[in-house]
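Residue numbers (our numbering), protein chains in the order written: chain V, 1 to 151; chain W, 1001 to 1154.
Since the hints were derived computationally from the structure, they do not count as laboratory data.
Warning: the hint list may mix true and false statements.
[What the hints assert, rightly or not] Below, simulated SDA-like cross-link-like pairs (lysine to any residue); rule was C-alpha separation at most 25 Å, straight line:
no.	chain 1	residue 1	chain 2	residue 2
1	V	30	W	1023
2	W	1023	V	95
3	W	1019	V	26
4	V	88	W	1080
5	W	1027	V	66
6	W	1023	V	31
7	W	1023	V	93
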Amino acid sequence: MALSMWRKLPKLMCVGHGFHTSPAYSHIIKLTRLRVVDNSEIGKRAMAEGKPPKCIHVYNKKGVGTIGDKVLLAIKGEKKKAIIVGVKQNQPALSPKFDSNNVVLVDDNGTPLGTRIHVPIPQVLRTILKEKNVVKGADYTKLIALASRFV
Amino acid sequence: MKIGLCAYSGYKIYPGHGKTMVKTDGKTFTFLNAKCESSYLMKRNPRKVTWTVLYRRKHKKGQEEEQAKKRTRRTQKFQRAIVGASLTDIIAKRNMKPEVRKAQREQAIRAAKEQKKAVKAAKKVQAPTKAKAVPKQKASKVQQKSAPRVGGKR
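Just chain V, same shape as in the assembly (with noise of 0.2 Å):
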C-alpha cells in the first residue's frame, strides 16, 4: 500500500501546468561572479585564492550587462571598475560566445590596471568601445591595445 503512495505522489507534485517558468539565462546582473581575464594583481590574486569577483552594480539603462559594458566589481574588500569582454549568454551573429563571463579591470579613466590579456576579445569590442569614449574623459579603447588574440 505504502508503496503504490509513492509511485503516485511524483504525478501529484507535477505543478509544471500550473505557471510559466523561464530559462536559465547567462545574464551579468548584480551578484554575478565573473572572471578576471587581465594580468592586474588583484585580478590575479583574487582568481587564484578561489574568490572571483562579484558584480554589484552595472552601468547600462536595464540591469543587463553584455559585452562592453562598464561594471562595478567587488575585488578582495575593494570596489573596482571593470568592462565586460565576453558573455556566456547566447549572442547575436556578430559576436562569439565565451564559456565564462570574462572581464577586464579598468580604473575611472578607462585605463586597465593589467598590462596584457591572453583570453580572445571580440572584434565588436572595438566600435563598441569607441562609442563609449567621451573626449578628454575615459578612453576605453586602450583596452584592446592590450588584446594578444582576436576572436
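Chain W: place on chain V using the hints.
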C-alpha cells in the same frame, strides 16, 4: 571577406553564417550551423560521423584523383668516369663485340706465350745442364695453358 571552415564538419562558412564559441582555455571554435554545434557539444567524434570532412579524409573517400601516390620512384643508373678509365673508355669496353674480344684475348695470349718462350729460351741459354731442358719444356707447356686471360669480361 574571409571564408572560414567549420571546426566540426570542415565545410566552408560564408559570411553571414555560423556561430563562434570560445572555450575557457582560449580555444576558438566556429560552427557552420546548429547541427555541427550540437554534435560537438554532445561530444560526438567527427571522425566517426559519416558526413564530415574529417571522416571522409580518414576513410579516404572520393579521392581517386590522388592515385598519383602509386607512382614508385626509380633510381636512375648513372655512368661515371673512374680514375683508371675515362667515360669513353668504359663505354667503348662495354660496347665491344664478342668476336673483337675473343680476338683481343687470343692476341694477348699469343703475346704472353711469346714472352714466356723468350724468357725460357734466355734461361736455357744461361743454364748449362741438358737434363733440365726436357723437364723444363714439359713444365713450360703446362704453364702456357694457365696464362691469364686478358681482355675483360666475356
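Hint-by-hint comparison with the structure:
1. Proposed proximity of residue 30 (chain V) and residue 1023 (chain W) is supported: the alpha carbons are some 24 Å apart, at most 25 Å.
2. Annotation: proposed proximity of residue 1023 (chain W) to residue 95 (chain V) holds, straight-line Cα distance about 14 Å (limit 25 Å).
3. Distance hint between residue 1019 (chain W) and residue 26 (chain V) is fulfilled; the C-alpha atoms sit about 17 Å from each other, no more than 25 Å.
4. Restraint check for residue 88 (chain V) and residue 1080 (chain W): the C-alpha separation of about 72 Å exceeds 25 Å, so the hint is violated.
5. Between residue 1027 (chain W) and residue 66 (chain V) the alpha-carbon distance is near 21 Å, which keeps this suggested pair within the 25 Å criterion.
6. For the suggested pair residue 1023 (chain W) and residue 31 (chain V), the alpha carbons sit about 23 Å apart, so the restraint of at most 25 Å is met.
7. Of the pairs offered as hints, the one joining residue 1023 (chain W) and residue 93 (chain V) holds, with about 18 Å between alpha carbons and a cut-off of 25 Å not exceeded.
The structure shown violates just one earlier hint, number 4.
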